[in-house]
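Novice: Starting from the known structure of chain A, arrange chain B on it as the hints suggest.
If you read the sequences in order, they're chains A and B.
Residues 1 to 110, numbered by this note's numbering, are exactly what the first sequence covers, in order.
Residues 1001 to 1116, numbered by this note's numbering, are exactly what the second sequence covers, in order.
Hints in this document: simulated from the structure, not taken from any laboratory.
The beta carbon of each residue, even a glycine, is placed where N, CA and C say it ideally should be.
Check the hints yourself; a few may be wrong.
Computed beta-carbon distance windows for the label pairs [claimed, not checked]:
#1 1022/B / 75/A: 41 to 47 Å
#2 79/A / 1065/B: 40 to 46 Å
#3 1071/B / 43/A: 19 to 25 Å
#4 15/A / 1062/B: 40 to 46 Å
#5 65/A / 1071/B: 34 to 40 Å
#6 1017/B / 57/A: 41 to 47 Å
#7 1059/B / 39/A: 24 to 30 Å
#8 1083/B / 73/A: 38 to 44 Å
#9 1007/B / 45/A: 17 to 23 Å
#10 41/A / 1027/B: 21 to 27 Å
#11 1007/B / 40/A: 20 to 26 Å
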Amino acid sequence: AQRVTQPEKLLSVFKGAPVELKCNYSYSGSPELFWYVQYSRQRLQLLLRHISRESIKGFTADLNKGETSFHLKKPFAQEEDSAMYYCALLGETSGSRLTFGEGTQLTVNP
Amino acid sequence: SQTIHQWPATLVQPVGSPLSLECTVEGTSNPNLYWYRQAAGRGLQLLFYSVGIGQISSEVPQNLSASRPQDRQFILSSKKLLLSDSGFYLCAWSTDTYSGIPFTAYFGAGTRLSVL
Chain A
1 AQRVTQPEKL
11 LSVFKGAPVE
21 LKCNYSYSGS
31 PELFWYVQYS
41 RQRLQLLLRH
51 ISRESIKGFT
61 ADLNKGETSF
71 HLKKPFAQEE
81 DSAMYYCALL
91 GETSGSRLTF
101 GEGTQLTVNP
Chain B
1001 SQTIHQWPAT
1011 LVQPVGSPLS
1021 LECTVEGTSN
1031 PNLYWYRQAA
1041 GRGLQLLFYS
1051 VGIGQISSEV
1061 PQNLSASRPQ
1071 DRQFILSSKK
1081 LLLSDSGFYL
1091 CAWSTDTYSG
1101 IPFTAYFGAG
1111 TRLSVL
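Just chain A, same shape as in the assembly (with noise of 0.2 Å):
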């Protein structure tokens, strides 16, 4: 079974402050992971895949194979980064089945 897990629901930060969304996932085979985002009054948009390696609007995400996860990083937050964040999982067996996590509403406060 593939399944993406996003540990916190809500994630208030200052602007400037570091920030980290958690994602951790169950998959046995070797899956494809993405961090989607959803801005307010916006559609659900891509803003990173792993396999790219790529910085976008400031954020990382590594996989961590050893831990199965894929954090969601940025060194400075600044204020338009609030939205709601979702991590993705496409596994390499399934197909096309793309599976969420629950969501984190991150919030960056001036």
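Specialist: Showing chain B alone in chain A's frame:
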């Protein structure tokens, strides 16, 4: 460019009434199609996904069903709505995982369903 349309944007239905939500995709062929329900505190729950016409995978046994009558059309239905069917329903499409293109899912604007 590809676009995804989902309607209606909001819907209020009485308990026991039927449901039909429609989703269409433009600008691509043979997309994977998905229906999700977004509920507060429960995240995005995958309801159905489809890799081709007439091919539907159901994730959660429930009061809902899905159909894909055309390549780029995905319909979510119910014969009799329950109060628990209230929620925010999202349609999405993605490229085929074997297409060689990095997998990305694109989401519609969603339908807010209230069952009273």
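Novice: Please go over all the hints and tell whether each is borne out by the structure.
Specialist: Here's how the hints hold up against the structure:
In this structure, residue 1022/B and residue 75/A meet the distance hint of 41 to 47 Å, their C-beta atoms being roughly 43 Å apart. Distance hint check: the CB atoms of residue 79/A and residue 1065/B are about 43 Å apart, consistent with the given range 40 to 46 Å. Checking the proposed 19 to 25 Å range against residue 1071/B and residue 43/A shows it holds: the Cβ atoms sit about 22 Å from each other. Checked against the hint of 40 to 46 Å, the pair residue 15/A and residue 1062/B passes, with Cβ atoms roughly 42 Å apart.
Between residue 65/A and residue 1071/B the beta carbons are some 36 Å apart, a value that agrees with the proposed interval 34 to 40 Å. Distance hint check: the CB atoms of residue 1017/B and residue 57/A are about 43 Å apart, consistent with the given range 41 to 47 Å. The given range of 24 to 30 Å is respected by residue 1059/B and residue 39/A, whose C-beta atoms sit roughly 27 Å from each other. The given range of 38 to 44 Å is respected by residue 1083/B and residue 73/A, whose C-beta atoms sit roughly 40 Å from each other.
The hint said 17 to 23 Å for the Cβ distance between residue 1007/B and residue 45/A, and at roughly 20 Å that hint holds. For residue 41/A and residue 1027/B, the hinted distance range of 21 to 27 Å is satisfied, since their beta carbons lie about 24 Å from each other. Under the hint 20 to 26 Å, the C-beta atoms of residue 1007/B and residue 40/A, about 22 Å apart, fit the expected range.
Hint compliance for this structure: every hint is met.
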